[in-house]
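Trainee: As they're listed, the protein sequences go chains D and S.
Quick note on our numbering: the first sequence kicks off at 800 and runs consecutively.
Quick note on our numbering: the second sequence kicks off at 800 and runs consecutively.
Note that these hints are calculated values from the structure, not bench results.
The model shown is predicted, which means the values in this text are computed figures rather than measured ones.
Watch out, some of these pointers could steer you wrong.
If chains are identical, the list can't say which one is meant, so a pair holds when it fits in one copy or spans any two.
[What the hints assert, rightly or not] Here are the computed lysine to aspartate or glutamate pairs in the EDC-like style, where the Cα-Cα straight-line distance is at most 20 Å:
#1 K915 / E893
#2 K915 / D894
#3 K915 / D848
#4 K1017 / E1057
There are 2 protein chains.
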Amino acid sequence: MEYNGKNKIVTLCGGVGGAKLALGLYRCLKERGRANDLAIIGNTGDDLDMFGLHVSPDLDTVMYTLAGLSNPQQGWGIADDTYRVLDLFKRYGEDTWFLLGDQDFATHILRTRMLKEGVSLTEITATLTVSLGLDCALLPMSDSPVCTYVETLEVGEIPFQEYFVRRGATDTVVGIRYDGIEQAEITAPIAAAIWQSELVIIAPSNPYLSIEPILQVKGMEQALLQCNSPVVVVSPIVGGKALKGPAADIMRSFDGVEPSALGVAKYYQGLVGGFVLDVSDDALAEEIAAMGYQVLVTQTVMQTNEDKQLLAEHILEEFLPR
Amino acid sequence: MEYNGKNKIVTLCGGVGGAKLALGLYRCLKERGRANDLAIIGNTGDDLDMFGLHVSPDLDTVMYTLAGLSNPQQGWGIADDTYRVLDLFKRYGEDTWFLLGDQDFATHILRTRMLKEGVSLTEITATLTVSLGLDCALLPMSDSPVCTYVETLEVGEIPFQEYFVRRGATDTVVGIRYDGIEQAEITAPIAAAIWQSELVIIAPSNPYLSIEPILQVKGMEQALLQCNSPVVVVSPIVGGKALKGPAADIMRSFDGVEPSALGVAKYYQGLVGGFVLDVSDDALAEEIAAMGYQVLVTQTVMQTNEDKQLLAEHILEEFLPR
Chain D
800 MEYNGKNKIV
810 TLCGGVGGAK
820 LALGLYRCLK
830 ERGRANDLAI
840 IGNTGDDLDM
850 FGLHVSPDLD
860 TVMYTLAGLS
870 NPQQGWGIAD
880 DTYRVLDLFK
890 RYGEDTWFLL
900 GDQDFATHIL
910 RTRMLKEGVS
920 LTEITATLTV
930 SLGLDCALLP
940 MSDSPVCTYV
950 ETLEVGEIPF
960 QEYFVRRGAT
970 DTVVGIRYDG
980 IEQAEITAPI
990 AAAIWQSELV
1000 IIAPSNPYLS
1010 IEPILQVKGM
1020 EQALLQCNSP
1030 VVVVSPIVGG
1040 KALKGPAADI
1050 MRSFDGVEPS
1060 ALGVAKYYQG
1070 LVGGFVLDVS
1080 DDALAEEIAA
1090 MGYQVLVTQT
1100 VMQTNEDKQL
1110 LAEHILEEFL
1120 PR
Chain S
800 MEYNGKNKIV
810 TLCGGVGGAK
820 LALGLYRCLK
830 ERGRANDLAI
840 IGNTGDDLDM
850 FGLHVSPDLD
860 TVMYTLAGLS
870 NPQQGWGIAD
880 DTYRVLDLFK
890 RYGEDTWFLL
900 GDQDFATHIL
910 RTRMLKEGVS
920 LTEITATLTV
930 SLGLDCALLP
940 MSDSPVCTYV
950 ETLEVGEIPF
960 QEYFVRRGAT
970 DTVVGIRYDG
980 IEQAEITAPI
990 AAAIWQSELV
1000 IIAPSNPYLS
1010 IEPILQVKGM
1020 EQALLQCNSP
1030 VVVVSPIVGG
1040 KALKGPAADI
1050 MRSFDGVEPS
1060 ALGVAKYYQG
1070 LVGGFVLDVS
1080 DDALAEEIAA
1090 MGYQVLVTQT
1100 VMQTNEDKQL
1110 LAEHILEEFL
1120 PR
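Next comes chain D alone, as it looks inside the complex:
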């Protein structure tokens, strides 16, 4: 086939769960000498101001994971990081519910300084990732701030991290609002990457809290629909349960749907054409295919780096246009 200018593998990605697939894709493309064809669109709706510093948890989780720095147990933060900065914050009477490691602080301090200097979050993220030796693109979904708020039965509307970290995602979610989303526009590097995409993969991240804010950025859905590339989603729900985090609970309380890969398929219908289903959910394959999806049934639960790379291989094999 003649080269048509399309060479990008684009993935839409939240935090820990999404970072696993992003790492799989990165390892996979690196082996093929194509790491710089990977463009990861990261969710910034979870960003927060902590001690006056701009923290981008999802971007950092992806960045640390791909750089081999991340804490393998918790999936976020830096491996073997210490908590000395927070120690003194405690003495100063500051609330230290959001756990930031010492090395991690360097990222937030640097990002905050550059933002103050007028550098865009896109450029800042590029600087950080290049410094850490990454040769793929990590692209914040937008350069204007978006803040996800969660409406809960228990305590009303609270910012996402308050719901997720401080209160341990135990509240019943009945509404979600992406504050600032009206001002958020697709960035030039994202528009270019999608335009040049061979394949777009929605990682197994929370549809409501990680993927939806990305999709609601002005121009994002349109770009995905117009690029004529296959768009594929990896179900974050396996056996009726979320692989990680509160996606299943939210599906029930917010969407009024029994959590299942079927619910995920309904959620993305119209935008997405390919569906990656876990082997344990094989029974749903026919029904999802009947909805118009091209279905790949494979092992989607990723523990080791080999699992991550293997899932990425399977997805590329099945969906990458030949």
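Knowing the structure of chain D, use the given hints to seat chain S on it.
Mentor: Relative to chain D, chain S alone:
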């Protein structure tokens, strides 16, 4: 004697050297149940922006010293602090010549956030010192920024910390400029403390780089002259050498004077009435007395905490009005 409303012991203070006497005074007054009568006016001419954070080295040195947190070897920073934040800064390609420990970062992050919120440096410093359990007042010389620049023979004019830390104070100083000093005014708490002072002590800090910026703040000298309290200086030059730092070299290159306690006495003549001379400089006592000073000859070289407290005791005994 009837109480005349004057109960404050005020000290003007730079970094490491000054902090030693400040600690001596603090211990001394604490024993007498009078710690809250101590008001320390700290130099902020050495403040700098590091990674977008506002660092106040002299204030922090005094604060950590009095809180028992400081590194006893280097005299600044926090004891047993680690350098993990800087580790990642290095990976990001940042210049890490100014050594900031991890716990230390918490101070700078918090100060920067509060400044951004519009809180004054005076209020911020009060918050920090109270959190660390100090019951004396540490007062920044002004709430508006002053930045000391040093004119060197070797590389022209450079900011103080560049001269002092980055280049190790090895250049020949031929000029000093306190940038922003015209806008800097005495704060209300400093004016009140000086007005209520029983005694004002200029710590054995660098006259040019630590004390002069304090004195040049608008209203400072006038307040000292009008308060009618004894003003005493502890010579930072002993045996023709500076106890710490480049004061002796600067005295020679900038003031054209052979470094000695005599030079210090000339420097402060007109403002200061009491002079604390080290026993090793006993031979100069008569000449300094002839200049109009009330001279106290005592051990001024402070190694242990007991040395510091003893010097403070001697000064209070000699100069505190009865």
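Trainee: What label fits K915 with E893 when the C-alpha limit is 20 Å: within, between, both, or neither?
Mentor: For K915 and E893, the Cα distance is within 20 Å only across copies (17 Å; inside one copy 23 Å).
Trainee: Have a look at K915 and D894 and pick one of within, between, both or neither, based on CA distance no larger than 20 Å.
Mentor: Between copies, since 18 Å is at most 20 Å while 24 Å is not.
Trainee: Reference check for the pair K1017 and E1057, CA-CA at most 20 Å: within, between, both, or neither?
Mentor: neither (30 Å within a copy, 71 Å between copies)
Trainee: How do K915 and D848 come out at 20 Å by Cα distance, when the copy is not named: within, between, both, or neither?
Mentor: Both: 13 Å inside a copy, 13 Å across copies.
The structure is inconsistent with hint 4 alone, although it conforms to all the rest.
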